[in-house]
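Taken in order, these protein sequences are the chains called A and B.
Going from the first sequence to this note's numbering is simple: count from 1 and add 49.
Going from the second sequence to this note's numbering is simple: count from 1 and add 490.
Keep in mind that the hints are not guaranteed to be accurate.
[Unchecked claim] To give an idea of the interface, some chain A residues facing chain B are shown, with a C-beta separation under 10 Å as derived from the structure:
#: 1; residue: W57
#: 2; residue: E61
#: 3; residue: D63
#: 4; residue: D87
#: 5; residue: G90
#: 6; residue: Q91
#: 7; residue: T109
#: 8; residue: A112
#: 9; residue: I197
#: 10; residue: A201
#: 11; residue: E204
#: 12; residue: L208
These are calculated hints, taken from the structure and not from any lab test.
Built from N, CA and C at the ideal position, the CB exists for glycine as well.
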Amino acid sequence: MPVGAASWSFTEDDLGAIMRSLQQFLYDSNARCAMLVDRSGQLVATVGEQPRFDATSFATLTAADFSANDQLARLIGETEFSSLFHQGEQESMYLVDIARRVILVVLFDNRTTLGLVRLKVKGTVEELARLFTAMFQRARDTMHQPNILAGAEDEIDRLFQ
Amino acid sequence: MSMINYAAREISCKIVYYGPGLGGKTTNLEHVYGRVQPNTRGKLISLATETERTLFFDFLPVDLGTIRGFKTRFHLYTVPGQVYYNASRKLILKSVDGIVFVADSQVERMEANQEAMQNLYENMLEYGYDLSTMPFVIQYNKRDLPNAAPLAELQAALNPGFEVFESQKQRIAPDPYHAGENLIDQIPTGEWVERAPYFEAVAVTGDGVFDTLKAVSKLVLKTLA
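Here chain B stands alone, though its shape is the one from the complex (with noise of 0.2 Å):
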């Protein structure tokens, strides 16, 4: 939920970071944390067990620029990636006005991914929210690793799009990000598609993780525009 502060001339808005457990999303907190200027973000608050392992959420607030004289404040979030703690997940979630799948690329993680996008379909409808008609971003993480699956078995598994059924949407996007590619598109089936932006990235090198977090960021400021 995004609040506009008048007399403060501030716009806050809140970013969930979703996605199965040991995918990156504490990482690209992290790393956000580590490379923006000190005065433009807030503590890293991280509610985590003994051994590192999200147990609430980490929370990382930044701003990124002003905009109409109006300061963008951006409210950062990660959820447990782990299942058993799905009640925590599902509150962080509450007023979220874009959300970022962190996807782990391994091989191996294909199940896990995709039961963490069918959770957050199931969290998301429970507070009545549409993912398909809000801003929602795939990064695709550790890229770099020998047994990460082929790009396209990822986008057939988690981003197959959601169907197009107003007929003025019913034209190509091009992806902005992707030279060649479309976010709408029409399968060759007949049924005209919409995919999520994606993002390959390594957060522990920081690679793709600021494309990401602007691409979510500047798809929330634009439902307000």
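Excised from the complex, chain A in its bound form (with noise of 0.2 Å):
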């Protein structure tokens, strides 16, 4: 049994491969801001115009509304709602899985349509896929090895001191 949710890291050139996928997908979308967003609530990457709220709240809410939709999937015979909408008059959000892993939150108003991010998005979900499955795989493969705070517990206990 493991001891509990194992860890997971990203470097500098996963973080520009995932920003390239987005920022081409906000050029064919017309959508305002992408998001990315671990299932554990914590924000992983923004692009586009940067969010005027506060995006570590709305990350964990994000996450939080995606738990709970797929709660509500099982509940009726789904076993998960992988995609969200949220309509609202100015602003509107999609939120979508990306591998079971973490969530593409796109922000977008009146300059596109449901339907153009929907019909962009989708080639954006299949190339975050392939690279967080691959990011994941790689942290199942290290996971024995000593990480980056190996060696640390001097450093620690005086952070706590």
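The task is to assemble the complex, starting from two chains supplied on their own in separate frames and drawing on the hints.
Structure, rendered in structure tokens:
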């Protein structure tokens, strides 16, 4: 049995590849902003117009929203809702699952349409799914190797003195 | 699930405060929110009912310092204490890195404490997480109340210890927070047991709140070391 949830990491190269994919998507879809949030609610990346709201809270609520909807799906006999859409008067959100690992949140307004966002997001989801699957596989492969905090026990002790 | 962002040089971890209803989980977070520097914390988000009972969760992000050049960011969550909301309790445990069980010390809440502890084990098991091997700390809250149960009774009921089977771990480990006590010890019947670190607290005044948070955060970071 695992100790708990495993850790995962990403490098600057990973982030570069993610950002390029999302920038292309924003260009194609005319959406305002795309954010990637991991399933535990941590913000991984933001591309496009920088949000004027508290992005950390937003990421947490996004993950909670997605998790709650996953459970709702199961209650009605579905395995998941792979995407969610929240419509506002001016601003709308489209949320889509990436390889059961992270959530892509797209914020858009009336400069584009839900149809176009959904159409253009498909290829991006496939590309990001490949990237994240590789990243998580790498995390599994290196699980028993020392990591960045190896040997940092003293430093950790000092931090909490 | 701790996340290491090499690009931003950040480590993010998730800590969940669990326990019976009205035990002081939200109060713990409110105290942390009120006492840490505003530039090291984010907003305190509460998804609560109109009567301020936690409906889904409370959330507070805090930065606790830098290690090896990496900023350590902790996301603190509480779960709803009421059993009615078990579905949302379970969701919050997903990808957790460390647990604080906030027990209500009042004698009449003993049963509620035990139920919540049992429920925690069950919910963790459903995710395949083993509470006996992950960062886990118990806080006995409301120690100032006249009807608070004796510590020994609470420890016996809520923190009797997990049996230690690995022979290399079967040696006395002193409790760094309580002189003369041990976290790993051999009980009179011969078995070795490991207890979770515990703290006494009065969350409304803040007593013990940071001791608890520091202890669980340290345990979480040490799992990465």
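Do the hints match the structure? See the list:
Because the smallest distance between the Cβ of A:W57 and any Cβ of chain B comes to about 6 Å, under 10 Å, the interface hint for this residue holds. At its closest, the beta carbon of A:E61 sits 4 Å from a beta carbon of chain B; the interface hint therefore holds under the 10 Å criterion. At its closest, the beta carbon of A:D63 sits 8 Å from a beta carbon of chain B; the interface hint therefore holds under the 10 Å criterion. A cut of 10 Å between beta carbons decides the hint on A:D87: the least distance to chain B is about 6 Å, and the hint holds.
Interface restraint check: A:G90 against chain B, minimum CB-CB distance 6 Å, threshold 10 Å, status holds. Checking A:Q91 against chain B by beta carbon gives a least distance of about 5 Å; that is within 10 Å, so the hint holds. About 5 Å separates the beta-carbon of A:T109 from the nearest beta-carbon of chain B, less than 10 Å, and the hint is met. Given the 10 Å rule on beta carbons, the hint for A:A112 holds: about 9 Å separates it from the nearest Cβ of chain B.
This hint holds: A:I197 has a C-beta 6 Å from the nearest C-beta of chain B, less than the 10 Å allowed. Given hint, A:A201 at the interface with chain B, holds; its Cβ is 5 Å from that chain's nearest Cβ, closer than 10 Å. For A:E204, the interface hint holds, since its Cβ comes within 10 Å of a Cβ in chain B; the closest pair sits about 5 Å apart. Proximity of A:L208 to chain B holds as hinted, the smallest CB-CB distance being about 5 Å (cut-off 10 Å).
The structure shown violates none of the earlier numbered hints.
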